[in-house]
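Visitor: Note that the protein sequences, when read in sequence, are chains C and X. Under the working numbering, think of the first position of the first sequence as 4, with each following residue one higher. Under the working numbering, think of the first position of the second sequence as 4, with each following residue one higher.
Please note that the accuracy of each hint is not assured.
Unchecked claim - Ranges of calculated distance between the beta carbons of each label pair, as one might list FRET restraints:
{"#": "1", "chain 1": "X", "residue 1": "Arg289", "chain 2": "C", "residue 2": "Glu209", "range": "48 to 58 Å"}
{"#": "2", "chain 1": "X", "residue 1": "Asn119", "chain 2": "C", "residue 2": "Asn128", "range": "28 to 38 Å"}
{"#": "3", "chain 1": "X", "residue 1": "Arg358", "chain 2": "C", "residue 2": "Pro46", "range": "29 to 39 Å"}
{"#": "4", "chain 1": "X", "residue 1": "Thr49", "chain 2": "C", "residue 2": "Pro19", "range": "40 to 50 Å"}
{"#": "5", "chain 1": "X", "residue 1": "Asp141", "chain 2": "C", "residue 2": "Arg254", "range": "53 to 63 Å"}
{"#": "6", "chain 1": "X", "residue 1": "Asn91", "chain 2": "C", "residue 2": "Glu53", "range": "37 to 47 Å"}
{"#": "7", "chain 1": "X", "residue 1": "Asp210", "chain 2": "C", "residue 2": "Arg160", "range": "51 to 61 Å"}
{"#": "8", "chain 1": "C", "residue 1": "Ser329", "chain 2": "X", "residue 2": "Lys5", "range": "43 to 53 Å"}
{"#": "9", "chain 1": "C", "residue 1": "Thr49", "chain 2": "X", "residue 2": "Glu302", "range": "30 to 40 Å"}
{"#": "10", "chain 1": "X", "residue 1": "Lys22", "chain 2": "C", "residue 2": "Thr49", "range": "50 to 60 Å"}
{"#": "11", "chain 1": "C", "residue 1": "Glu231", "chain 2": "X", "residue 2": "Asn184", "range": "17 to 27 Å"}
{"#": "12", "chain 1": "X", "residue 1": "Thr214", "chain 2": "C", "residue 2": "Gly331", "range": "56 to 66 Å"}
{"#": "13", "chain 1": "X", "residue 1": "Asn91", "chain 2": "C", "residue 2": "Glu209", "range": "32 to 42 Å"}
{"#": "14", "chain 1": "X", "residue 1": "Asn91", "chain 2": "C", "residue 2": "Pro19", "range": "17 to 27 Å"}
These aren't lab readings, by the way, just hints derived from the structure by calculation. For each residue, glycine too, the CB sits at the ideal point set by N, CA and C.
Protein chains: 2
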Amino acid sequence: MKKHNFSAGPAILPAPVLKEASKAALNYQGIGLSLLELSHRGPEFTAIIEEANALIKEIIGLPEGYHVLWLTGGASTQFFMIPMNLLNEDETAAYVNTGVWADKAIKEAKAFGHVNVIASSKEQNFTFIPKGYKIPKDAKYLHLTSNNTIYGTQLHRFPKSPVPLVCDMSSDFLSRPFDPNPFGLIYAGAQKNLGPAGTTVVIVREDMLGTVRRHLPSMLDYRTFVKENSLYNTPPVFPIYVSMLTLRWIRKNGGLKGMQRRNKAKAAILYNEIDRNPLFKGTVAREDRSLMNICFVMEDKYAALEKEFLKETEANGMVGLKGHRSVGGFRASTYNALPKASVQALADLMQDFARRKG
Amino acid sequence: MKKHNFSAGPAILPAPVLKEASKAALNYQGIGLSLLELSHRGPEFTAIIEEANALIKEIIGLPEGYHVLWLTGGASTQFFMIPMNLLNEDETAAYVNTGVWADKAIKEAKAFGHVNVIASSKEQNFTFIPKGYKIPKDAKYLHLTSNNTIYGTQLHRFPKSPVPLVCDMSSDFLSRPFDPNPFGLIYAGAQKNLGPAGTTVVIVREDMLGTVRRHLPSMLDYRTFVKENSLYNTPPVFPIYVSMLTLRWIRKNGGLKGMQRRNKAKAAILYNEIDRNPLFKGTVAREDRSLMNICFVMEDKYAALEKEFLKETEANGMVGLKGHRSVGGFRASTYNALPKASVQALADLMQDFARRKG
């Protein structure tokens with residue numbers, strides 16, 4: 004039985020992508036070799052990475068001047084690589100603190116230059132997205148986290164900024180259309196909407212590079228990846244391949260508009276149920292609710308039933324619904340690839356549970 | 004038809020490993036989810052990484068005090084991470100230059116401390132392994148490359164050293180027994196003997212860590228990986244899984260002694276043919292010939308036949324035999340997983356070719 008996979012990441016991938024990936028791991032396109040044992044310099048992988056780059060450019064609608072890079076080390080590596088590559092010691096970068104990951108990005112950046120945290124919801128356990136803050140004109144960049152996986156908040160409108168935006172889009176990358184022009188750099192660990200764990204996409208605008216004075220090791224210099232088309236050394240072949248398959252799936256299913264339509268429909272089912280159901284309640288400001296990670300807990304008087312409900316979800320083939328320890332309760336991650344039927348099954352179970360226990 | 008895969012890396016993996024990997028990509032152990040969409044914090048992957056660590060320790064026979072870490076970024080990332088973590092600016096590390104990769108390691112290290120290149124075969128296009136050099140007692144470590152993929156040379160005996168050895172074992176990791184005690188740090192990109200591209204194993208002795216004064220970003224500090232058992236952030240789940248399967252295969256097939264026996268037998272077939280066949284000749288000092296990458300060219304008077312022979316290998320289902328551009332001719336990579344039958348097929352073709360063209 005195929006499970007309902009609500010995991011926060013690594014997360015559900017489209018069924019046809021998994022089928023194709025499985026075939027490629029045994030015998031890639033019938034050539035008699037597994038993709039796992041193919042040279043990254045051969046014609047097969049060259050075609051894969053070129054298609055992946057072209058698909059990202061097409062799907063987002065990237066203007067000229069942006070480079071698509073395939074790195075490793077996750078968003079956590081970008082937390083320091085960004086200031087290392089973009090910020091001199093006497094310069095200041097602005098950061099908005101909307102969660103543990105933004106907090107780590109801030110901490111890592113402080114070793115490379117001045118960090119100005121211009122807004123934060125830390126004191127309120129990150130239950131909302133700060134708005135209306137002033138962005139200093141002399142900042143080198145403004146760092147944002149577009150979706151906060153742990154808390155279930157999402158930036159539904161990017162602020163107008165006098166400086167380039169740098170954004171961690173790990174958990175909502177390619178889930179909705181957006182205007183790329185204000186962004187100097189976008190990064191995303193693949194393991195949410197894009198692919199399996201093992202690769203990180205960085206999209207960087209040419210003019211962001213080459214302004215720092217410090218020494219950069221070759222593998223930490225974005226320009227190495229630009230110059231060598233992400234092939235300076237052996238890249239993570241299979242994770243990039245599976246990401247390319249997912250990109251094909253996104254395009255085939257309506258691109259970013261199609262993804263947004265799917266994701267809005269799924270989120271509506273679940274948020275409606277949370278708001279309607281007397282046993283459950285959401286955990287964050289309504290206007291900042293994420294379409295990717297839907298966090299909810301039980302109303303105080305039913306709190307003792309949390310374990311029981313979680314058990315029932317598991318008995319019904321639903322996995323990954325336990326909330327993060329810093330929020331508690333439940334978290335349903337509803338990434339691009341999650342079918343509407345999975346969300347409906349969860350909402351139905353919540354209704355049924357309320358009928359029996361309410 | 005299954006090909007004879009002589010690729011230098013990413014390289015051939017054992018057939019049962021590929022079969023198991025393919026299954027896991029679709030439905031991991033029948034649980035109804037692909038390994039590509041499973042949380043790295045769940046019981047499935049926890050068991051995988053723990054087994055992988057235990058297998059490396061068992062197969063090598065690592066004494067207490069060594070940590071097995073799973074990183075990303077390849078050996079090229081280790082080229083700077085090693086001096087960054089081990090070498091202060093006023094300290095000196097000794098390096099032996101035996102190829103392009105050692106050369107890059109030297110270049111990257113120079114940004115972090117003093118580098119003393121105590122021996123080199125660069126002027127002779129790396130056709131031999133320097134020996135009999137003096138290792139300075141005050142060096143922080145001695146960096147070696149145990150096998151040089153491009154040139155086909157291998158260190159058959161590690162030098163007795165008054166300082167800890169640091170070794171790039173990317174292309175002969177787990178291909179033969181060795182005494183781990185002189186090593187302070189061993190590293191290897193997985194994509195030769197261990198697994199697919201996408202993960203790098205670092206084995207580090209506890210006493211090597213914590214002696215540098217510079218700031219280390221969390222993701223560049225080996226201690227982060229030690230402390231969090233390589234799970235500080237999302238690791239490359241699938242590459243680690245396939246590596247674990249390969250480790251199981253190594254143990255099942257006689258461990259490092261079994262691998263060495265296989266590799267010696269394969270190399271003997273091919274080197275004997277190279278030495279016997281009037282059309283071909285080896286390219287490196289006999290005593291330094293690699294058991295992993297066997298480089299050979301055509302004798303000068305037959306040089307015009309190189310392209311023809313390469314075509315014949317391809318027509319016979321052999322892939323990856325074109326030599327690296329800096330050596331020319333042919334390179335047969337004969338990693339652990341390559342069956343003896345593949346090497347025999349190549350030797351037979353060389354004999355047949357000589358009969359027809361000699």
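Visitor: Now, for every hint given, state plainly whether the structure supports it.
Guide: Consistency of the hints with the structure:
At about 51 Å, the beta-carbon gap between Arg289 (chain X) and Glu209 (chain C) stays in the expected band of 48 to 58 Å. Our hint of 28 to 38 Å for Asn119 (chain X) and Asn128 (chain C) is violated, since their Cβ atoms are close to 53 Å apart. For the hinted restraint 29 to 39 Å between Arg358 (chain X) and Pro46 (chain C), the CB-CB distance of approximately 32 Å keeps it satisfied. Between Thr49 (chain X) and Pro19 (chain C) the C-beta distance comes to about 29 Å, which lies outside the given range of 40 to 50 Å.
Distance hint check for Asp141 (chain X) and Arg254 (chain C): the Cβ-Cβ separation is about 59 Å, which falls inside the suggested range of 53 to 63 Å. The hinted window of 37 to 47 Å between Asn91 (chain X) and Glu53 (chain C) holds, with their beta carbons roughly 43 Å apart. About 53 Å separates the C-beta atoms of Asp210 (chain X) and Arg160 (chain C), a value consistent with the hinted range of 51 to 61 Å. Take Ser329 (chain C) and Lys5 (chain X): their Cβ atoms lie about 50 Å apart, and the range 43 to 53 Å holds.
For the pair Thr49 (chain C) and Glu302 (chain X), the beta carbons lie near 33 Å from each other, so the given range of 30 to 40 Å is met. Under the hint 50 to 60 Å, the C-beta atoms of Lys22 (chain X) and Thr49 (chain C), about 26 Å apart, miss the expected range. For Glu231 (chain C) and Asn184 (chain X), the hinted distance range of 17 to 27 Å is not satisfied, since their beta carbons lie about 38 Å from each other. Taking the beta carbon of each, Thr214 (chain X) and Gly331 (chain C) are about 42 Å apart, not inside 56 to 66 Å as hinted.
The hinted range of 32 to 42 Å is satisfied by Asn91 (chain X) and Glu209 (chain C), whose Cβ atoms lie roughly 36 Å apart. Between Asn91 (chain X) and Pro19 (chain C) the CB atoms are about 53 Å apart, so this pair departs from the stated range of 17 to 27 Å.
The structure does not agree with the numbered hints 2, 4, 10, 11, 12, 14 stated previously, though it agrees with the rest.
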